[in-house]
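Number of protein chains: 2
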Amino acid sequence: MLFTKYVITAAVAAVFAVPAFAAETLSAKDLQTASALRDAAQTGNLSYRILESLTTEIGPRMAGSKNDARAVAWAEAKFRELGFDKVWKEPVTFPVWTRGVESAEIVAPFPQPLLVTALGFSVGTPAEGITGDIVRFATLKDLIEAPDDAVRGKIAFIDHKMQKASDYGSVQAGRSQGASEAARKGAVALVIRSVGTDSHRFPHTGMMRYKEGIPKIPAAAISNPDADLVVRMLERGKPVSLKLRLGAENEGTYTSYNVIGEITGTEKKDEYVLIGGHLDSWDLGTGAIDDGAGVAITMAAGEFIKRQGLRPKRSIRVVLYANEEQGLIGGKAYHDAHVKDLHKIQAAAEADSGQGPVVRFSSYVQPAALPVVKQMFDVLAPLGVQAGDNDAHPGPDMGILKSAGTASFGLGLNNEDYFDLHHTPDDTFDKIVPARINQTAAAYAAFAWMAAQSPVSFGSGTDALKALKTVSK
Amino acid sequence: MLFTKYVITAAVAAVFAVPAFAAETLSAKDLQTASALRDAAQTGNLSYRILESLTTEIGPRMAGSKNDARAVAWAEAKFRELGFDKVWKEPVTFPVWTRGVESAEIVAPFPQPLLVTALGFSVGTPAEGITGDIVRFATLKDLIEAPDDAVRGKIAFIDHKMQKASDYGSVQAGRSQGASEAARKGAVALVIRSVGTDSHRFPHTGMMRYKEGIPKIPAAAISNPDADLVVRMLERGKPVSLKLRLGAENEGTYTSYNVIGEITGTEKKDEYVLIGGHLDSWDLGTGAIDDGAGVAITMAAGEFIKRQGLRPKRSIRVVLYANEEQGLIGGKAYHDAHVKDLHKIQAAAEADSGQGPVVRFSSYVQPAALPVVKQMFDVLAPLGVQAGDNDAHPGPDMGILKSAGTASFGLGLNNEDYFDLHHTPDDTFDKIVPARINQTAAAYAAFAWMAAQSPVSFGSGTDALKALKTVSK
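Chains U and F are the protein sequences, given in the same order. Under my numbering, think of the first position of the first sequence as 90, with each following residue one higher. Under my numbering, think of the first position of the second sequence as 90, with each following residue one higher.
Honestly, I wouldn't trust all of these hints.
Identical copies look the same in the list; a pair holds intra-copy or inter-copy alike.
As the list claims (entries may be wrong) - Below are the DMTMM-like pairs computed for lysine to aspartate or glutamate, each with C-alpha atoms no more than 25 angstroms apart in a straight line:
(1) K402 <-> D128
(2) K250 <-> E146
(3) K178 <-> D430
(4) K250 <-> E141
(5) K357 <-> D237
Don't read these hints as lab results, they were simulated from the structure.
The whole structure should be built from the sequences, with the hints applied where relevant.
Now the structure itself:
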């Protein structure tokens, strides 16, 4: 997951305002089928096994790397193996970024190495490295407000500590924007405290962007324990000098693919429920929680429907996006390739904040569909799911679809431990708990079925949906 | 800590057999002083602050590295700052081992990198690396019992999983002896599952030894999650090929120092209580729990006695050993330098299994001293300490002293989480909990005071001590 993040609160009030007029609703049979799917999909560990396959046989799959192509081939083969009716891929082209070697060390007054990783899209340093005194800022805002001469010729250090998952939006601003803000004041490099909630010695990578017209300076993250160490050094009041070496490079472009598997509908097969995750990962770990889990959950959800011998009225499409991490590139490509037919998307819901379980169900549908949403919620509630509001965000790659007027759902995942592992080498399969990912796959299977069977449209492309008052997330 | 490890059981029965004859015991005043020391030493965070200083200002301090000399200078200065009466150092010479670059990757059938680290004293690989198919063995024993042709030309993989702290002795056998056992059968390299109880992506380093007359092959550890990954790959039944690059080298010798601080006694100043830890660490972390904690705890214990204006009858000597990690070199040097006067050591007790708290108090003293030991235990018991037996091991560097007939004590530390961090990059100051390390320093202060005041000798160098039936630990 890149930028946008759900805030999961402990108890969110149900706000399903049901209109006063008689409404079309899901049939008793469809609801019974959805409940049976929900229960069956919690057994058999299918999503767990799909994720085991992806992390074992492919592992890291950074956009544009050798493993990107291997992951695409894996996804096509896995969709076929799982019995999807149609499997295809759609090209996604983007600039290539490579990490190269990286190291950092305090050279004075207390020489010792730090654990560091480049931020995605950072430029490299000269081969001999860049050395400068560290200037600490508690937040990006403090850096922006600092006088230029506090930073000129130095290495800016944004020390914004992430305490909990809901801090992500504010803390990652330093990661994405810090380098240009530091460079604007003449800094020679940016180092940030990792955007993560753990206290392990893993730096968290993640995307950054340069602003136009400002020199590009190298940008890297150090682990939380290393940031603590630097703070302790700085507290001693002497200049602390850091040497940073990054071999990162931007060079050329690469064409990867959104890989798509479809269970074709019977009555309205050109309309479809769109679920999925992103196939790419960062290079440091094996992309188990980010976002192998989303890949596995949504593939398994589709397979469960197929396996029960069910044929949905609308199609169910599972999209595994290329290159989410480096700027939601796959999501934009899907939008652009299907821009004339976005109104055919009955509902969009991406899984990209870990293994779950699903703790909240929210919608973004036209009012006439709220009675169906209430039915859907009632099927999911026995999984421990709470009701959200009617302003769902469908996930990072699908955000562009919501902006374009697509009805959306949010199956909000428990992300308490997500930012312990996010974008680190420690994002590996051993962290996956079958009961958690099984619940999530079950929720997606039941959700997708009910959305496909709905007697009413959720309102994609309609004025009724556009008229909804939306709250910025 | 290198090889030997206390096994802390949940409840150890008190086995202080008190002789029937009237015995000399500690005075009421000494016991009152000890209790006051115990209570006072839990406040003020002194050991915490000493450890903060060591990990911040020095950090990693591998034997023979540049930071080895910086650590020695730090220790001398810190002893003086803390007000010790005498501060000196004694030379310790050993061969130098350097780590160099290191990497590992699965090259077929599922290409992806692994996180690896060389075992201490391993030879390097050729610059281009060594590539071979992996052959898995559940334990060192399984490797030893395997037919030669199962291993010849391949990379032996010892997959012995450490479940809990008390497994350390058996699991580390694969680390220390595995390379020669694999080489004996013609293996080209050894890789082991890390000797550690965590599931994070940190390989654990640690010492290994080559047997004479057998080719030296490179030896490395992969993290527990990586070992899980390799196992999953192997389960697919195809050959799994690993490429290993280690830049490790053995070259020359280095002279470091045991650094010693003494609080000089009043009545029997040539007799002394010996406490301490080891000043060196592995290079990957900053040696907070291994063994900065032991350094800080025992320095703080001495300072507490000094600060209260107390003068012990016997001297209290804090020794910070050089190069424990690469073979207990400092411990042997201390023994050799003092071999004529070992009987002057009233008691030996090293702190080298983390930050504590102390959970068990055991002794190795002549029977006539057991009433005093019982008094000492009664002072420590309010800290939550349980009684152990009269077969204490004094710690890795001091083991040689016990073997030479020195009375010893074991202040057994809670080591539940010790092997999560041991020998990894994650052994850093943020893992230290003030209440834990304060308790340990308090126990050491009270212990050292009472041992120094004891009206009876604990029996170093006596036949009464030699006559004790000892149980191998």
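Hint compliance check: list the failing hint numbers for this structure, sorted ascending. Hint 5 alone not satisfied by this model.
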